[in-house]
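For chain A, the structure is supplied; the task is to place chain B on it using the hints.
Chains as they are written, first to last, in the working numbering: chain A, 10 to 240; chain B, 101 to 329.
None of these hints come from the bench; they were simulated from the model.
All values derive from a computational prediction rather than experimental measurement.
From the three backbone atoms N, C-alpha and C, an ideal C-beta is built for every residue, glycine too.
There could be a bad hint or two in this list.
[Said to hold, decoys possible] No farther apart than 30 Å at their CA atoms in a straight line, the calculated lysine-lysine pairs in the DSBU-like style are these:
| hint | chain 1 | residue 1 | chain 2 | residue 2 |
| --- | --- | --- | --- | --- |
| 1 | A | LYS55 | B | LYS312 |
| 2 | A | LYS200 | A | LYS30 |
| 3 | A | LYS55 | B | LYS315 |
[Said to hold, decoys possible] Reference listing, derived: stretches of chain A covered by chain B, where coverage requires no fewer than 3 residues with Cβ under 8 Å from a Cβ of chain B:
| hint | segment |
| --- | --- |
| 4 | 33 to 43 |
| 5 | 92 to 105 |
| 6 | 117 to 123 |
| 7 | 130 to 136 |
| 8 | 150 to 162 |
| 9 | 213 to 220 |
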Amino acid sequence: MTLDLYGFGPALAAGTLMTVKLALCALSLGLVLGLLGALAKTSAHKPLQWLGGTFSTLVRGIPELLWVLLIYFGTVNMMRSLGHLLGLPGLELDAFAAGTIALGLCFGAYSTEVFRGAILAIPRGHREAGLALGMSRPRIFWRITLPQMWRISLPGLGNLFMILMKDTALVSVIGLEELMRHSQIAVTSTKEPFTFFLVAAFIYLGLTVIAMTGMYFLEKRAGRGFTRSAS
Amino acid sequence: MNWEVILKYLPRLLDGAILTLELVGFAVAAGLLLAIPIGIARASRHWYVRAIPYGYIFFFRGTPLLVQLFLVYYGVAQFEAVREGPLWPFLREAYWCAILTMTLHTAAYIAEILRGAIQAVPPGEVEAARALGMSRRQAMFYIILPRAARIGLPAYSNEVILMLKASALASTITLLELTGMARTIIARTYLPVEIFFAAGMFYLLISFILVKGFKLLERWLRVDDCQGR
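The following block holds chain B by itself, in its conformation from the complex:
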């Protein structure tokens, strides 16, 4: 092990780690916002409301993230209309492409988590809300969603960590996040084992912090002891 090299390039790896965190943070936050309507629609009683989110989730969960990234980054430019369109300054940048794709990808997974959580809310609680004279909408926003958020939180923290690892794929579309940075440094130093090891330790550290953070959040959100798992 050549520790000197690792120490020397630590600041650059840190830069990469910050970009990784940026990508993941953006994606899981935007993905959550996008997933709420999709998840609610997915849990609907009407099959025609369920169908569209089902297709969306099926596509994004059934294809590799790499394919989706390439479809957005390389694929969209095939169309004249996109290249002339107002969104082109964004879709030209690997950064926004990565964020867009990761958001769409994780939204599919989070929506599925949310559906499971919504369906796991005890029916008695929903009936109680309705019996108190709440409209369906009120019951959804005041009872079901807050309850589902707590039920789905552990699964959501899993998804965030999966996205952290998936963000390594952004290096394939030229972004210099942690993995991309490691590959650049290796191209200069020819020391793959040391640098990849250091990058791996960064990922381990980040996921460790995330796990601890979510544990705290879970405790903070807990209303009483008999709730949840």
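Okay, chain A solo, but in the shape it has when bound:
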């Protein structure tokens, strides 16, 4: 049996590109949210702690699909009134923006915990040493805490990124033309669901393998100078 894509190959490739784009955009948003969440959760102020805790519990307790739907369909009225205010009628979130926000939110909530663990794993003495050297708090964070957090949280973030990449398939539900949506379109005209969904599955597998390889090299680079304990 040879594989016949009925000329849908380029469409699938375009969909794959969109999937990767969506994953990377959501990743950047999620990293920022996660960092802020972790800082809030480890801060000395009670209200900030509460805010960070609520954010990560609430977002992690609700399914990703529900977030995608909620942000896409739930913000229509809000965006309309916002557009009214700014004098831009017809202002709305497109599927890509909604998907980025929803997936970024989920990634952010999970990475909050990863980053928090990393912050807690940095010995207190490092920060105290910074203070003793007369560094300001932002400088300590930038020069001492952040570079170490990167190394410690990298494996956890890698796992989350693989999950994120698979979750991009959910955005097809709100009509974004990514890999899954293109496969569905191909299925409706060719009537070969198994073929196309299997091809999509293997493209996702390929993306996962690429991400895994990337993570391997990143971890190797981030961990240079540190002997890895045998595990």
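Frame of chain A; chain B shown alone:
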């Protein structure tokens, strides 16, 4: 917030929540049964025994659940043999397709958890069992597995909650579980924020109960205080 609408549709959301629980309950129970042989094979010393479960786990963990659902629900019908076959009455139903896919999906994850737990059993305990004259099989069933069950329980409870959230995907193959029900109600009322919010609260409540339940189970299974984490 339009609370009246939420109250009015609460019974229907509850129906959806019950279907969600049914799907998740079926999937994690059947998945656990399926995962036991896969996990044991995955922890084998022989590479040829390890290879097949490795491929299975790699496929199911590396592809989105949505793709797997579509492969089973829409994809399998492509083959004449399946449509004529004896399993067709089941594979025609979205309900059984969802349960089948979720079971296969979660089995891959649970098998990986089980492998980790089996390998985390202190080697001294296995050696002690062997030294007492237990066969490999006996050591597996009386020593390693009960021990691994306790080690793997926290990770298993995580997986159950992940499956609870993954069950929302069943709404894409026409099932009216919590998310599907919410979408149906929204199609009628045009109030996405209220209804999705209510559905989200249901998910939060269910996962809260699950977390508490597993904590109790963990305490109940604990043999002594120095064990586990």
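Quick rundown of the hints versus the structure:
1. Taken as a hint, the A/LYS55 and B/LYS312 pair is honoured in the structure, with Cα atoms around 25 Å apart against an allowance of 30 Å.
2. Taking the CA atoms of A/LYS200 and A/LYS30, the gap is near 28 Å; set against the 30 Å cutoff, the hint holds.
3. With a C-alpha separation of about 27 Å, the suggested pair A/LYS55 and B/LYS315 falls inside the 30 Å cut-off, and the hint holds.
4. Under a criterion of three residues with beta carbons nearer than 8 Å to beta carbons of chain B, the stated coverage of the segment 33 to 43 of chain A fails, only 0 such residues being counted.
5. Coverage of the segment 92 to 105 of chain A by chain B is violated in this model, with 0 residues showing a Cβ closer than 8 Å to a Cβ of that chain against a need of three.
6. Only residues whose C-beta sits within less than 8 Å of a C-beta in chain B count toward coverage, and the segment 117 to 123 of chain A has 0 of them, not enough to reach three; the restraint is violated.
7. Counting residues of the segment 130 to 136 of chain A whose beta carbon lies closer than 8 Å to any beta carbon of chain B gives 0, which falls below the threshold of three, so the coverage claim is violated.
8. Given a C-beta distance limit of less than 8 Å, the hint that chain B covers the segment 150 to 162 of chain A is violated, as 0 residues qualify and 3 are needed.
9. Coverage of a stretch by a chain is defined here by at least three residues with a beta carbon nearer than 8 Å to that chain's beta carbons; for the segment 213 to 220 of chain A and chain B the count is 4, and the condition holds.
Of the numbered hints given earlier, the model fails hints 4, 5, 6, 7, 8; all others are met.
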